[in-house]
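Q: Take a look at the letters that make up each chain.
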Amino acid sequence: MKITKRDIVIGLLVLSALVALRVFWPTAKAEKIASPIAKATPIDSTVCIAPTEYMRSHHMQLLNEWRNTGARDSRPYVTADGKKFQKSLDTCLGCHSSNTYFCISCHQYANAKPTCWNCHLSPLDKP
Amino acid sequence: MNEERREFIKKTSIGFLAGIGVSSGLFLNFLLEKTDASLWSDKNIAGTTRWGMLIDMRKCIDGCQKCVDACRLAHNVPDFGNATHQIAWLQKSPYREVFPTSGEDFAGKERTGKSVPSLCNHCADPPCASACPTQATFKRFDGIVALDYHRCTGCRSCMASCPYGAISFNWKEPRPAIKAINDIYPTREMGVVEKCNFCSERLLKGKLPACVESCPEKTLTFGNLNDPKSEIRLLLEKNQTMQRKPELGTLPSVFYII
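Just so you know, the protein sequences line up as chains A and B, in that order. Its first residue numbered 1, the first sequence is counted upward by one per residue in the numbering used here. Its first residue numbered 1, the second sequence is counted upward by one per residue in the numbering used here.
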């Protein structure tokens, strides 16, 4: 079969159309913009926010940051490795309240008196 | 040009183009930067949402306190049992107290005799947020006038500036005055103000506000005022509605059908 000029032109048109289609094809993922409610918050309190050693020494810094920004910026907190958490004391207490004395035992020993439990319900206050 | 050579060039160029076509399908990222919705889905876009409420007084039963009780339970609102120390996020007040400037001085009892649910109006132009010296009271991206209790110093400027009396002050330690403690929401402490938060903690979980959910007569409609297709907007279009003290220009997001 002899290839004519017409064949080449048609072939080129079909090819460019296919390329354009593939490149500009709208993906469902990119089109969708979640509503403020639907995005809700990926609450994940089944895993630790940071390694135990870091949390032991720096939990007050993290909680301070959450306290200062939580009400104003309701976007979830994203850790360095991409995990998302709702900025709420309940995120921590989801696991840690299983030990009623988790917070208080250390704070008592260190004579630290955080004001968290003035309003938030500590595991001791919960019925 | 040699005929064979010409044929060879034609065929290789077609093959080359076909190769580009295939590779553009295989390595899409190479041609155009990929857009990922998840990158901005977490961003709060101001103006897309303005939460509002419509209270249909034709359905509201006089004497029913279900919405008030649901609110008290949902947010650990204390009950001190006297008017001086009263804390109310949502309360039912006499019509004339809710609409004192509606110009209905001589209207009949059937219109003005009922007690009307009154709550924070989540104004589009909230005077309390302007008055707050520590910016503890502020307008959120979704139109909710929120209160960050951590920042509140208890100066009560917001109470003085609110024309609806929707903000209450904790004169005493509130925790002993809470009848039934709801352990999924914090309490407040003595020396801070508190008010309705439009159940923002429930909205976050995709639930309706506690008062809306508790009403047996579906008196309360909650929705996005910036969405022309929402139920609340359709109801606002069809009915004659009222706002509290609209002449003050605070642009309340709570509407009433009397």
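Calculated directly from the structure, the hints in this document are not laboratory data. Cβ coordinates follow ideal geometry from the N, Cα and C atoms, glycine included. Check each hint, because a few of them may be wrong.
[Unchecked claim] Looking from chain B toward chain A, a few residues come up when the C-beta cut is under 10 Å (computed):
1. Ser13
2. Trp171
3. Arg175
Q: Would you mind marking each hint as holding or not holding in the structure?
A: To see whether the hints hold, each was checked on the structure:
Checking Ser13/B against chain A: minimum C-beta separation of about 8 Å stays under 10 Å; hint holds. Hint status for Trp171/B relative to chain A: violated, with the closest Cβ pair at about 16 Å, above 10 Å. At a threshold of 10 Å, the smallest CB-CB gap from Arg175/B to chain A is about 8 Å, leaving the interface hint in force.
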